[in-house]
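Take these sequences, add in the hints, and give me the full structure.
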Amino acid sequence: MITCGFCSKRAVAHSPYLHAYLCKDHFISYYEERVKLTIKKFNLIKPGDRVAVAVSGGKDSLTMLYLLTKFSGNMKYELFAITIDEGIKGYSDVRVMNLKKNAGKMGIELYVTSFKEEIGMSLDEATEVLKKRGFEYKPCTVCGVFRRYLMNKTARELGATKLATGHNLDDEAQVFLMNALRGALPNIIREGLITEYALHEKMVPRIKPLYFIPEKETLIYSKLIGLDVFLEAECPYVIYSMRHPLRHWLNKLEWKTPYTKYKVIATKELILSLLRDKRGREHIGTCKVCGEPSSTYICKTCFYKGYLGIKI
Amino acid sequence: MPNVKVILYREREIKEIKVEKGTKIVEILTKIGLNPVEVVVALDNVIVPEEERIYSDSILEVLPVVSGG
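Residue numbers (our numbering), protein chains in the order written: chain W, 1280 to 1591; chain A, 8 to 76.
Warning: the hint list may mix true and false statements.
Listed next, the in silico DSS-like pairs over lysine-lysine satisfying Cα-Cα at most 25 Å (straight line) [unchecked claim]:
{"id": "1", "chain 1": "A", "residue 1": "K38", "chain 2": "W", "residue 2": "K1531"}
{"id": "2", "chain 1": "W", "residue 1": "K1355", "chain 2": "W", "residue 2": "K1368"}
{"id": "3", "chain 1": "A", "residue 1": "K12", "chain 2": "W", "residue 2": "K1502"}
{"id": "4", "chain 1": "W", "residue 1": "K1355", "chain 2": "W", "residue 2": "K1319"}
{"id": "5", "chain 1": "A", "residue 1": "K31", "chain 2": "W", "residue 2": "K1288"}
{"id": "6", "chain 1": "W", "residue 1": "K1502", "chain 2": "A", "residue 2": "K22"}
{"id": "7", "chain 1": "A", "residue 1": "K25", "chain 2": "W", "residue 2": "K1303"}
{"id": "8", "chain 1": "W", "residue 1": "K1395", "chain 2": "W", "residue 2": "K1535"}
{"id": "9", "chain 1": "W", "residue 1": "K1417", "chain 2": "W", "residue 2": "K1288"}
{"id": "10", "chain 1": "A", "residue 1": "K31", "chain 2": "W", "residue 2": "K1535"}
{"id": "11", "chain 1": "W", "residue 1": "K1535", "chain 2": "A", "residue 2": "K38"}
{"id": "12", "chain 1": "W", "residue 1": "K1315", "chain 2": "A", "residue 2": "K22"}
{"id": "13", "chain 1": "A", "residue 1": "K25", "chain 2": "A", "residue 2": "K12"}
{"id": "14", "chain 1": "W", "residue 1": "K1590", "chain 2": "W", "residue 2": "K1410"}
{"id": "15", "chain 1": "A", "residue 1": "K31", "chain 2": "W", "residue 2": "K1590"}
{"id": "16", "chain 1": "W", "residue 1": "K1502", "chain 2": "A", "residue 2": "K31"}
{"id": "17", "chain 1": "W", "residue 1": "K1288", "chain 2": "A", "residue 2": "K38"}
Calculated from the structure, these hints are not laboratory results.
This is the structure in structure tokens:
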């Protein structure tokens, strides 16, 4: 039996960050402290904030919702949950149902907005159109754009001062590498632990409390505290994403060379600090069609809506 | 030789395998072709590190780490 590095109890996991094996109790306190420290050290939430927590129902967002609820009393902020129903049959429906149950248990108000109602087309319908047009654009790209648009809009309309997403260390490392491979420097600059770098009056600053947490540790934590995580299903469109192969490649590297993901994030943070100091803050423009924040003349949401034949 | 019932949640599959006494869980995972970074394991209903060894008949649950997308 492997024992905890801090007491003699049975270990549940190894934390590469601490270089130690941890028992259930020590793992839970280690995990919670790391999230709390991230929020405090980087000033992600201030007293009086109204935080919209974007939840999918997966381990990351559900854990984040649980912890933000737990911390809200001491840190003096209020919160509510929002979720986007993409309209992926056999995925979104099951996910939203599970989420309603969980939010109810935590006593958190959950707002659901759907692609079908707000954009005019479900992702299943959009994918059919994309397929007919030879997948010039991938479903994940379109879904990501619509989701970000709706999350910001919904959070703002509900009076949020912050929008929290469950992005973890793995997500951040993957996205950074994808952007690096594409040479998308502006995207690298815009993404971060707190996105108040890009300014627009209609943009709710996004925060990522799980930024430094490997997703494996979140799964362990969520299981240890008994969260009812939506685990079995994976989005059926993940196969079209560039992230699919990249994520496995990165995990293979992590297995052979532990700390790889931490090093990727460290590199990203270094690049960010260098670039941001030079460029100063970026003021985003406004989409000429819908009036939402956009770095281009017409925002990506309106562009894809037009491409898919949805009336703007 | 201990008999291990491996429950693979992602694959929706159950495998019965015999292993040498003292085999590490990580060895079973790599043999099946799984990357230990991408799974969390529970041995007889308790979450354990993959370095844990198996000495008797057990149930090994393998949970996928990678989420929805």
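Here is what the structure says about each hint:
no., hint, in the structure
1, A/K38 - W/K1531, "holds (15 Å)"
2, W/K1355 - W/K1368, "violated (39 Å)"
3, A/K12 - W/K1502, "holds (20 Å)"
4, W/K1355 - W/K1319, "holds (12 Å)"
5, A/K31 - W/K1288, "holds (19 Å)"
6, W/K1502 - A/K22, "holds (23 Å)"
7, A/K25 - W/K1303, "violated (29 Å)"
8, W/K1395 - W/K1535, "violated (44 Å)"
9, W/K1417 - W/K1288, "violated (48 Å)"
10, A/K31 - W/K1535, "holds (17 Å)"
11, W/K1535 - A/K38, "holds (16 Å)"
12, W/K1315 - A/K22, "violated (40 Å)"
13, A/K25 - A/K12, "holds (9 Å)"
14, W/K1590 - W/K1410, "holds (20 Å)"
15, A/K31 - W/K1590, "violated (58 Å)"
16, W/K1502 - A/K31, "holds (22 Å)"
17, W/K1288 - A/K38, "violated (29 Å)"
When held up to the earlier numbered hints, the structure conflicts with 2, 7, 8, 9, 12, 15 and 17 and fits the remainder.
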